[in-house]
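Asks: Just so you know, the protein sequences line up as chains S and B, in that order. By the working numbering, the letter at position 23 of the first sequence is numbered 15, and the numbering carries on one by one without gaps. By the working numbering, the letter at position 174 of the second sequence is numbered 180, and the numbering carries on one by one without gaps.
Don't read these hints as lab results, they were simulated from the structure. There's no promise every hint is true.
Unchecked claim - Simulated restraints on C-beta separations:
1. S:ILE64 - B:THR612: 33 to 43 Å
2. B:GLY609 - S:MET52: 21 to 31 Å
3. B:GLY637 - S:ILE64: 16 to 26 Å
Unchecked claim - In silico EDC-like cross-links for lysine to aspartate or glutamate, where the CA-CA straight-line distance does not exceed 20 Å:
4. B:LYS620 - S:GLU(-5)
5. B:LYS626 - S:GLU93
6. B:LYS36 - B:GLU160
7. S:LYS45 - S:GLU(-5)
Claimed, not checked - Going by beta-carbon spacing under 7 Å, a handful of chain B positions derived as facing chain S:
8. GLY625
9. VAL627
10. GLN628
11. SER629
12. ALA631
Just so you know, these numbers come straight off a predicted model, no measurement behind them. Virtual Cβ for every residue (Gly too), placed ideally from N, Cα, C.
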Amino acid sequence: MIEPGLYHILFISATLFFIGVYGFFTRRNLVTLLMSVELVLNSVNLNFIAFNKYLWFDKMDGLFFAIFIIAIAAAEAAVAIAIIINLYRSHQSIDVEHAEELKH
Amino acid sequence: MPNTNLILLIILLPLAAFVMLGIYGRKYFKNTSGIIGTALLLISTTLSLYTAYGYFFKYGKVDGVYQKLIPFKYTWLQFSPGVSIDMGVTIDSISVMMLVVVTFISLMVHIFSIGYMKGDERFPTYYAFLSLFTFSMLGLVVSSNIFQIYFFWELVGVSSFLLIGYHFEKPSAVAACKKAFIVTRFADVGFLIGILVLSFYSGTLDFNTLIATLTNPETNEYKNAIAATFLGMSALTWGLVLVFIGAAGKSAMFPFHIWLPDAMEGPTPVSALIHAATMVVAGVFLVARLFPVFAISATSALNLVAYVGAFSALFAAIIACTQTDIKRVLAYSTMSQIGYMMFALGVSKYGGESGLGYTASMFHLFTHAMFKALLFLGAGAVIHYIHSNEMKDMGGLRKYLPVTHITFLIACLAIAGVPPLAGFFSKEEILLAAYQQNQTIYWIALITSALTAFYMFRLYFSIFWNKEAPVQNKHKSEGGFTMLIPLVILAIGAAAAGFIPFGHFVSSDGTRVETEFHLMFSIAPVVLALTGIFIAMWMYKKQNSRANKLASSLNGLYKAAYNKFYIDEIYLFITKKIIFNLIGKPAAWFDKYIVDGLMNATGNSTEEISATIKRFQSGKVQSYAIYFLAGVIGLALVFIYVWKL
């Protein structure tokens, strides 16, 4: 049994990140897009925690950043869901392709 | 002292008429505007006669010298102490004389026009323009400031433009008014630069101060103006030559004369007022106003005046012998007579008996206004009757137009210089002045006076004798009494004006000049004039082929004179071929392709770029995310491999 090291965690985080990006590009449902963004954010969180633990274990900066990002993500999810609900009310749909007139 | 209010009233009454008729004429005074304009002008005329009486016989003379009075002066724009544009009234011999001439002739024309313009669609507008012109001309003659004279100079130009183009539905009238305006404006550029030069060196715009400083060799201004030279002439001479260019433009002197014959497109009474009696002599008046400076400080400029005047007189007389449009004959005759006035000023000296030319010039201006206005009004009556300007449509009219016939004959005799009519006296004085100072000019003047007699009687016989009247127009009479009264009054003026002892009233320095009458001296001009008349009679009294034979024997000269010596063609060639092609077209090309091209290129490239990049703003959230990701990856690559952080 090999003790999991920094590289393993970075590998998982990179995988999560690209899964999130892939999801963001391919899905059409806004809720799924939101979930993909959460994946990306959490991969970043993992990176912060891992670097903090393996490289600067005498400091707490990485942890604080991770907590901060979680808080931001929660707020962002609240705003995003509010937008999605409003979009549904006006368009009867939450497909991202129906929201193109937002460019105007 | 003169009554300031009355003098201001003389000038402002026509302005009031202009404002009233211009604004309300078409609404309220459709038919009465002629009466209103005439009535106001009648008051003006009476007042100016009263002023003239007061000036010449009561308060004007102090110790035997006529004074220059400035009863009214208002500083309008003050630039610095000493330099200001004023609106003032100068009362001296020439301005009082001009007040009388302008108001009197204008009154005659106003009365004549009531009959002549009757039934015209724009009758009130016509009278409004006439009033505007009268106001401007009166303002011009009383100017106390050189800038004020420029101001009114342009105003008479504008009113002349408006009246020439009165029949704006005729393309030829439109072309003529544009031509008159452009040619005189072109000359006025010289006038303006001349004003700037003179005022720069004298440090003032006021006529009195300007004349005083520039004629006194002791002042620094005078010394500077003489010391500064350009192309071998002193700055003072240049200034006066430039002013004279302006004067030549307005007075239709060669080479700026081309607008005057075309200006005959205007209604005939207008030609009588503006293009014969008053506005065209403004140039003579301007030279007379600045005469002390010309005569004392810049005799070479005065020589230029003399030669330009003499040349124009002869040149116009030759052309007048060949024209067939009666108004054009009169126009060239006007140009010729103004040439007389110009060279009379040119050969004059300042002060005393040697200033005879100055007196003679003003005298001729006065008498010429009478008989030339009469000639034009007579021509107007003829045109009114026959509805044509061409000599070939006329003939034998003496039976149908008896009053016009007699008055026209008086005017012709007067202009030809037959004693004892007005033109004889003034022309004698001019010839005498020329004889005493400059023999060359004297001979030119003598030839011109013979030609004058010839072409005037060619006109007279062609209109009133020659053949029988072709079509008898029974429905038409000679015109109402409004048209005949001015003719009669002016005929009396043309017959009697010569007996005024002009030298007692008007002279270069205000003193009395005795104009002696030399019997021996008068023989040559009178004999020449009579010869001219008899030749004209022989050729034109009966219908015959003598005139045609003479014309064909002088083939080249006749053709050249008939075509006005091709001056118009030369100007057209210069402007169209040379100026337009060499300056206008390259400038237009530069504007079109370089200036516009630069602007268009800026606009077009902005449009191209924005058309290209606007596809990126698609509204698709996921495309935005791709750009964002690409940017992040690109930055990351740059950080890692290029900047090696």
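Asks: Each hint needs a verdict: does it hold in this structure or not?
Replies: Hints, one by one, checked against the model:
{"no.": "1", "hint": "S:ILE64 - B:THR612: 33 to 43 Å", "in the structure": "40 Å, holds"}
{"no.": "2", "hint": "B:GLY609 - S:MET52: 21 to 31 Å", "in the structure": "59 Å, violated"}
{"no.": "3", "hint": "B:GLY637 - S:ILE64: 16 to 26 Å", "in the structure": "21 Å, holds"}
{"no.": "4", "hint": "B:LYS620 - S:GLU(-5)", "in the structure": "53 Å, violated"}
{"no.": "5", "hint": "B:LYS626 - S:GLU93", "in the structure": "9 Å, holds"}
{"no.": "6", "hint": "B:LYS36 - B:GLU160", "in the structure": "29 Å, violated"}
{"no.": "7", "hint": "S:LYS45 - S:GLU(-5)", "in the structure": "14 Å, holds"}
{"no.": "8", "hint": "GLY625", "in the structure": "3 Å, holds"}
{"no.": "9", "hint": "VAL627", "in the structure": "6 Å, holds"}
{"no.": "10", "hint": "GLN628", "in the structure": "6 Å, holds"}
{"no.": "11", "hint": "SER629", "in the structure": "9 Å, violated"}
{"no.": "12", "hint": "ALA631", "in the structure": "6 Å, holds"}
In this structure, the hints that do not hold are numbers 2, 4, 6, 11, in rising order.
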